[in-house]
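Colleague: In case you want the letters, here they are:
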Amino acid sequence: MTPSSREPVFEVVWPLAPSAAAAQALAARIPDLSGKTVGELWDYLFKGEEIFPLIRRALAWRYPGIRFVEYETLGTIHGRDEAELAATLPDQLRKHGCDAVISAVGA
Amino acid sequence: MLRAAAIAERAGLPSVSIVTTPFMQQAAVVMKGVGMPGLPIAEYPGVPMTDGSDTVRAKVEALIEPIVAGLARPVATTATASVEPGPRDVVFSGTLDEVQDFFYRNLWTDGLPVIPPTIPRVERFLEFTKRSPGEVIGHLLPENRAATVWSIAVNGVMAGCRPEYMPLLVALVQAIAEPEFRVQDAGSTPGWEPLVIVSGPVVRALDLNHGQGVMRVGRQANTSLGRFLRLYLRNIAGLRIPPGAGDKGSIASTFNVALAEDEAAAAEMGWTTFGQDQGFARDDSVVTVQSVVSASPPIYTAGTRALDHVQVLAEVFGRACAYWSCTGMKYARWQPLLVIGPSIAKVIAADGWSKDDVRKYLHEHVTIPAREAEKYAWHLGSTAFSLRAQVEAGVLPPEYAASGDPDRPVPVFVKPEWIGIVVAGDPGRNQSKGYCNNHIQGGRVSKRVALTL
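Just so you know, the protein sequences line up as chains A and B, in that order. Mind the numbering: the first sequence is residues 1 to 107 in my numbering, read in order. Mind the numbering: the second sequence is residues 1 to 453 in my numbering, read in order.
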């Protein structure tokens, strides 16, 4: 359908707003997990209590000396205040000597 | 979960996140919002809650390689900063139909036609606030866009608000930007929807309905305020259902119209107003936002004594909230809301009951067998939930683990003070209605409205 030439034309603006998501670099990776400490971050959802032990066993078989800081030690990550988590989690991970983390389960 | 991984990455620790297939699109929005679109992911195929143990084991075995790769392999960070329009840039010119099509294609509408946001219309809204158009009220996750005063006006225009609603729109956005509202979780699978509750002189000033049909579309202020909030969540927080992403509401519900209290009725019976219950003065104009995940059936109650009504309110509202109460027991914050019809409130108040008396009764008389709360929590996905563990962790009071009997009754309403009460609805009928909120997600937040009417 062709619009009538008498139909008004609207000049409209963008309904979104500037993004505050500045690109950030990821941490350096660890080529070999042997002898490293992996922290488990769990949201206490979706069978993590089954999934994490399976991961532990599989990684321990592959990487001698790998150690895990189990999710019970680090506590739930779901439902915690974002700012509080950001303020406390890095210290917790350092305190337990973590070199890397596995975060699960969901989005 | 991904935000925790991002925190670890910022602290210098490599991470890998296990994300299930149905959450992958939402994950992309979250990762972009935290500035790490390349966060390593190990994708668990399918839905763990419908997988048996053998299937879980097989799928986890297949996850080991991507887990190792995520922690070990360097990730290329590709800066893809696209240039976005400025606030006053005209992004499209066209007829009304063409504007609708353009906005719909870009996922900027709720599927209904919008009022075209032209600069003159936006400026009319800005006349009703002393704030600068560029002022940032907050940043709304997961898409992490700036909630500017300008964007509030633009979306207010689109939603069909009137310019004089602008102070209320600003207060609304202030409320959802507060950490306790947890806007970042507004796209969670329960599909909760914000409910706006308006209190004080602004109710009359903006002609909000508080009477018959209060929760139905039809009154401009009630309807457009609710619609504005849903549009704002889509456009600034980035919560869009497919073909968009970010909103994972599994079935979800549509926007709620704004609720206003019949404050004259509350005053007449000597009850505090909902605004006062939130800590404001009776003559303060206040806007409150909280999540609503489901509603009770209409609750009809009859009789001349308070107990005649409160007993039935407890039964019907209590049963409507019973299964979802496990979320309140898990997260230690849960704010159900009871809308009591004016004629019913009048009988209850005349019998000497205050709102607090009603709350106390509901807390003491509505229970669920512990077994049912724990069972439903498991089905919901909280596979390690137990009431005893919650008591031991200090999240719940001892009464939740008073015995080892799995059928012991435990309170549905964890704390009486968490129950909100609003007097509204048809004064000519004996009906109330209850609303269940989504635990800590969409926590109740109130803001004073700076009226410039």
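Hints may contain errors.
Simulated crosslink set (DSS-like; lysine-lysine; CA at most 27 Å straight-line) [claimed, not checked]:
no., chain 1, residue 1, chain 2, residue 2
1, B, Lys-375, B, Lys-346
2, B, Lys-415, B, Lys-59
3, A, Lys-47, A, Lys-36
4, B, Lys-346, A, Lys-36
5, A, Lys-47, B, Lys-360
6, B, Lys-130, A, Lys-47
7, B, Lys-130, B, Lys-59
8, A, Lys-36, A, Lys-95
9, B, Lys-346, B, Lys-360
For the record, the hints were derived by calculation from the structure and aren't laboratory data. Here the structure is a predicted model, which is why all the values come from computation and not from measurement.
Colleague: For every hint, state whether the structure bears it out.
Modeller: Verification of the supplied hints:
| no. | hint | in the structure |
| --- | --- | --- |
| 1 | Lys-375/B <-> Lys-346/B | violated, 39 Å |
| 2 | Lys-415/B <-> Lys-59/B | violated, 41 Å |
| 3 | Lys-47/A <-> Lys-36/A | holds, 25 Å |
| 4 | Lys-346/B <-> Lys-36/A | violated, 67 Å |
| 5 | Lys-47/A <-> Lys-360/B | violated, 36 Å |
| 6 | Lys-130/B <-> Lys-47/A | violated, 51 Å |
| 7 | Lys-130/B <-> Lys-59/B | violated, 57 Å |
| 8 | Lys-36/A <-> Lys-95/A | holds, 14 Å |
| 9 | Lys-346/B <-> Lys-360/B | holds, 18 Å |
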